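Fit chain W to the known structure of chain E by using the hints.
Here is how the chains run, residue by residue.
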Amino acid sequence: MVARLAPLTIKLLRDVWRLRGQALAIALVMAAGVGMVVMSYGMMRSLAATRDAYYARYALADAWVPLRRAPDSLGRDLARLPGVAQLESRVSAAAMLDIPGIAEPVTARLHSLPGAINRLVLRSGRMPQAGRGDEVVASEAFVRAARLSLGDRLPALVHGKRIELRLVGTVLSPEYVYAVAPGQIFPDNRRFGILWMAREPLAAMLDMRGGFNEALVRLAPGTPVEEAIRRIDNASAHYGPSGAYGRDLQVSDRFLSSEIEQLATTVRILPPIFLGVAAFLLNILLARLVDTEREVIGLLKAFGYRGGAILRHYGALALLLSVGGVLAGWGLGTWMGHGMAVMYQEYFTFPFLTFVAGPDIYLLSAGLALLAVLAGAAGAVWRAQRLAPAEAMRPPAPARYSARGLGDRLVRLLPDEPSRMILRGFLRRPLRSAASALGLAMALALYVASASSTDNVERMIALAFERGQRADIAVAFAEPRDAGVVRELASLPGVQRVETYRSVAADLSHGPYHTREGLLGLPRGAALMRMVTLDNAVIEPPQEGAIVSSQIARKLGLAVGDVLSVAVTEGERQRFTLPVVQVIDVPLGASVVVERGALARRLREGDVASGAYLMTDPAQAGALYARLKQTPMVAGVSVAAAAVRGIRETVAQNMGIVTLFNTLFAVLIVAGVTYTGARISLSERARDLASMRVLGFRKGEAAFVLLGEQALLALAALGPGLVLGVAMSRYIAASFSSDLFLIPAAVSAATLARGVLVVALAAAATAWLIRRSADRLDLVRALKTRE
Amino acid sequence: MAEGRVLYRTAGLTKSYGKGASAVHALRGVDLEVHAGEMLVLLGPSGSGKSTLLNILGGLDRASSGEAWFEGLELTALDDDGLTEYRRCSIGFVFQFYNLIASLTARENVQLITDIAEHPMSPEEALALVGLEDRLDHFPAQLSGGEQQRVAIARAIAKRPEVLLCDEPTGALDSKTGIRVLSALDTINREVGTTVFIITHNAVIADMADEVIRFADGAIASHARNGLRRSPTELAW
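Protein sequence lines, in the order shown, are assigned to chains E and W.
Reading the first sequence from the start, the letters are residues 1 to 787 in the numbering used here.
Reading the second sequence from the start, the letters are residues 1 to 237 in the numbering used here.
Treat the hints with care, since some could be wrong.
Claimed, not checked - Some chain E residues close to chain W (C-beta under 10 Å, calculated; not the full set): (1) Y58; (2) A59; (3) E293; (4) R400; (5) R428; (6) P430; (7) R685; (8) A690; (9) R693; (10) G696; (11) R698; (12) K699.
Everything labelled a hint here was simulated from the structure, so no lab data went into it.
Just so you know, these numbers come straight off a predicted model, no measurement behind them.
Quick reminder that beta carbons are idealized off the backbone N, C-alpha and C, glycines included.
Isolated chain E (complex conformation):
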């Protein structure tokens, strides 16, 4: 016997085939939503799993204990503290490298080779041999970005001593998954690197034989980190500068963890938009289908089909229309996830990162899609199964228009009938019109929110560099220097202006709260380094008291008028209090600022500087860099232009691809909403359009009614879309901001204009597709069918 499909099944399949255009539009929008769920959740899980596996396999420390100089005996004492499972001391130093091909001095962090904690992953070459004092391995990303090769000689300045190092291998470290120079937020792998060498020669260079200046601690399982740190701090108080901290304050892990949180933000915003739009499209498509198939439904019922069969029929249609979306979404999400994994492996230097979403995530995404289908289809499907046969056999009541009311008075202001047709159609279905416009507005908002990330970073650059730190070069000294250093720096080639600053590490507390931060002393009336708030105001350091960043204020529960307790953790270790005179939002950089002279009085010192800001003649940059690389008092140099370039490159690389995808998604939503809307409108207006054509209207004039409606919807979407976009941009900026930096929300007019253009072009291109169908309308058939 030949298997035969039930007639309703055949109808179902033919319906899907007939509606393939709209089905594709809905499936694509749904696929974007499902894909985002799979990608975001999968990526969150993959990043977290990779992080945990990497940290476990290479034994990342639970706590870091930076010290000034401690004898090896302290290490043994600390290792015996309760909760400490394993302790390893190391010697670390700042270094400045002179790398051929890079004009600016390159800063580096130099560590003694690890033993069991923070182990390295050897990527190429070999580890330094014992007894070879000049051999180093370097972070792979740095070697690549600085275009170094194994065997290269690296002239370096360490602790005021000029030495020559030799690169013998490249490595990855779980401690530097995200390697940023102090005070930076984006990695600049070309100008900041991490090096490891044998402990003996490094200790010798730093006069630290028999001692160490940093301890790494692994805690016993179940030990509260806070408690262990308190014990370690107490035990090492005599040797500190700035006290121990856990992974929560470790810069690399903070960035990695905040990235995982950002993915969580993404998954909260984007999938609901896509799935909501898909539900809406499915809703209007099915509602129209049930309207046009009233007679069929009536006939089926008259023949004895039960309501349940009708329900199943249209329900199955809704599911069939979306199943492609779910499958495509799984594919899209997996593909995007693998792509993201490649990107993340560059951005965060993992030895391995595999995108694995897991069946539960695929099921979750399908479940969310199913919810959208239910939400979208329920109304129409329920209406179909409820139709009484006799009622269904009658044509639907003619569209009711009213000549009364505010809406129609508005309509009558329009000069021509086609425009009146458009506006009456728009007003007759206010909900559908509003939902369509909202869908388009979401697309615009998505573009604006995504594309404005570049604006935000540009704004941050403008605030932090063009308004705030206006120096061309910032120099950090290896040791605090007296006032004479200004003359010394001013005599370097091309230096036009020198302003020094003082910074000390301190333990800040207020009531039960405390944190470790730098205290920055700036002169009043400074030109090269100024504090600039997020809203672009320049703040002068007060005569007395401190200005505190909002992040620190939040952490310490500080408000203006409160008193901040300061325990300096270096030098003479003074303790004093500072009244808080102002709390400000700063994009990045100094957290607690005090007037230079006031700080000196508190520290009971003279005119002492920790570093300097230089304004220089760009023409002499080469000569200046060459001299700085040879200047022993300099521990680090940061070149503003290079830092800005580095930020822009990182942003272009990473946000560029994200913005591209979001632009495509925005286009997809616009195309989906416009295509489905125009298709339905074409089906509803086929007779009107045919009438117009028969009456002598040209193709373009008739199409105006159809496409004018879509244009009106797009126009109505612009205002709300821009407002939503700005709001979403602010929300994302706020949720991406952390205690490391604040992202200013600054959507540029150009971004808004581009958003409008993207939406307009996508809508116009889709409308053009529909117009061809409208042009091919069979006039005679459209007119001779009963309404």
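Relative to the frame of chain E, chain W by itself:
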């Protein structure tokens, strides 16, 4: 009635759908002359070719072969845009299902045409001609079937077309309403001088025509002049 100038002339007009053995021949070579100002009724069973002819004469469809001329204009040689311009300037249509725009009032439905025509009547004048001067601001859904059809006629004649093509204009109406609609067409033919074609299944209507053309199997079976043209009000069915 004296014969006026020749308005339409067709020669060997055919229309077929499909190819080869399965081809359907809707018109099998129609030769016809129609004079300006006439009232013509086309009779014939479904599928006999009358609508196909009307669609070709109205510029809604194309012939497969043969020629159709509208005065000096060769319709069979026009492209899509040419046909649109021809419909726009010269032809009014009335269909069985009215085909009014639901979102426009009676007046606006007529205005739709007067806005694009060169020497139109005012919408009010056109609606008065069909007796609807007091229904100007009603939407189609607020009008009866007969009223809707009269709006459709007003819409068709408002641009003062030379020809009015009506395909089953009373097909959806009861006889009393149908006669009102036919009266409107009769008025327009007599007072404005518009050439009117009426396709119908209803042989009674033939009595109001100057000429009656009967179709069978894609060809003209007979083409005769009525000796006496009766007023629609004298008709009954």
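(message) Output the indices of the hints that this structure fails to meet, ascending.
(response) 1, 2, 3 and 6
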